[in-house]
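Undergrad: The chain contents come next:
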Amino acid sequence: MSERESELQERREEQVRQRAAELLKSGNVGGILALRRIQDHVVPCLFSEIDDLASLDISTRYAVAGVAERLLRMAGEDRLGIVARGCGERHLIELAKKKSIDITRIEIIGLACTESEARECHCVKPYPGRVDAGESIGDVDFADHEALASLLEMNISERRRFWTEIFNRCIKCFGCRNSCPLCNCDDCRLEEARWVRVGEIPPEYPSFHLIRAVHLADKCIGCTVCERACPMGIPLSKLHQLIRQDMKRLFGYEAGLSVDEKSPLLTDLDKGPLEVTTGEL
Amino acid sequence: MATDSISPKKKENLLQEPTIELAVFHCRWCLPDSARVRALLPDQAKKSALVARINCSARMESELVLKALGEGYDGVLIIGCEIGECHYRTGNHLALKRFVLLQDIFTLAGIYPERLGALWLSPFDPEGIRKSIDLFYRNLCDIGPFKYTMEMRK
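Protein sequence lines, in the order shown, are assigned to chains B and V.
Going by my numbering, the letters in the first sequence line up with residues 1 to 281, in that order.
Going by my numbering, the letters in the second sequence line up with residues 1 to 154, in that order.
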């Protein structure tokens, strides 16, 4: 990291701490959820004292939305402050869509990503709705166009060979599912013997990976957490990126934009709500 | 590897003379009788096909399609009511969207989208149904079986 960058990093950290301290002082929130540096490790932490904020860390990209969901469930009526980047905010929006969290109980401390951070994640919107720390670099396009185009150029048989080879590396550690804040179902289909055989690696093609791909098709916001969590280097984010492009082409839908927008897989053909009447027997 | 899921006997058959096996899921409100659906299938597929009645085409979850392919079926056909005729009003809207999405993901993952078919039909036209199924089956025969397949070989 160059000197200028580390200076910038410190300034952003200071801004986050300031805003967090303000929120805690105002009594508006019961605590601040952020990452904390303990020696050389970074863990999610609920800050409730202003003095503790010194150990707050923003250098690591870890999706805390899943932790927020559990915290909010335990906290009763308390409101919660969350340090969130662009992707963190979109996670929260998607969780609110699923009614997993109540977004009105959340106060976001917006953290804008630097250009190098955004480039690493192949991000296209590296800033949250409200920016408290850092400077938003605006809409960018760091998507890995080369890799995506090479995938799209393949014909079906080449593509199948490509993906089977890659999926055969899978050791079924469930890292992709566990790291994903949007994979928050209580009962996971990937663990049910009915759908995916238990205790067998590599998992069968196409069930395991495509079940996850289908489930996330209308939720994935492209944070690339799953890819970073994968110990076998499976380029999951490329698959999800392509699916997201197609969701946009097919249904004109993009995940993570607003809480009121409904997933096209939960509406009828006229984008109206699904009827739940059972009809007359 | 995943191919072990097929029984040795079936594997032998597959290697000698690839047969195309269908999994058919049909809505109970337009075609209540599985035996009648089986009778509509092409002769070569009649015996080996899996014909299952589901309550609505929307009950056809993506997991079922993927599992059917993983279990050795070469094509999956969903039969539902015409759009607008659903017993549950909008069940087949959901199924149609899911079908489009699945075909799309198939293409991205390297599975021929033709392996998944959907018919939205009126129950009063058995000849039409037979023709559509025939067409779907012939397309499948051109593609070949799923497990030891041209998707891999070519």
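It is possible that part of the hints are untrue.
In silico EDC-like cross-links for lysine to aspartate or glutamate, where the CA-CA straight-line distance does not exceed 16 Å [to be verified]:
id	chain 1	residue 1	chain 2	residue 2
1	B	K99	B	D186
2	V	K67	B	E191
3	V	K67	B	E192
4	B	K25	B	D40
5	B	K238	V	E63
6	B	K248	V	D104
Here are the computed distance ranges between Cβ atoms for each label pair [unchecked claim]:
id	chain 1	residue 1	chain 2	residue 2	range
7	V	E85	B	P44	44 to 54 Å
8	V	K46	B	D139	34 to 44 Å
9	V	D43	B	R73	49 to 59 Å
10	V	E114	B	D144	24 to 34 Å
11	B	L266	V	S48	31 to 41 Å
These are calculated hints, taken from the structure and not from any lab test.
All C-beta atoms in this analysis are idealised placements derived from N, C-alpha and C, irrespective of residue type, glycine included.
Undergrad: Look at each hint and say if it fits the structure.
TA: Status of each hint after checking the structure:
{"no.": "1", "hint": "B:K99 <-> B:D186", "in the structure": "holds, 14 Å"}
{"no.": "2", "hint": "V:K67 <-> B:E191", "in the structure": "holds, 14 Å"}
{"no.": "3", "hint": "V:K67 <-> B:E192", "in the structure": "holds, 12 Å"}
{"no.": "4", "hint": "B:K25 <-> B:D40", "in the structure": "violated, 29 Å"}
{"no.": "5", "hint": "B:K238 <-> V:E63", "in the structure": "violated, 22 Å"}
{"no.": "6", "hint": "B:K248 <-> V:D104", "in the structure": "holds, 12 Å"}
{"no.": "7", "hint": "V:E85 <-> B:P44: 44 to 54 Å", "in the structure": "holds, 51 Å"}
{"no.": "8", "hint": "V:K46 <-> B:D139: 34 to 44 Å", "in the structure": "violated, 56 Å"}
{"no.": "9", "hint": "V:D43 <-> B:R73: 49 to 59 Å", "in the structure": "holds, 57 Å"}
{"no.": "10", "hint": "V:E114 <-> B:D144: 24 to 34 Å", "in the structure": "holds, 29 Å"}
{"no.": "11", "hint": "B:L266 <-> V:S48: 31 to 41 Å", "in the structure": "holds, 36 Å"}
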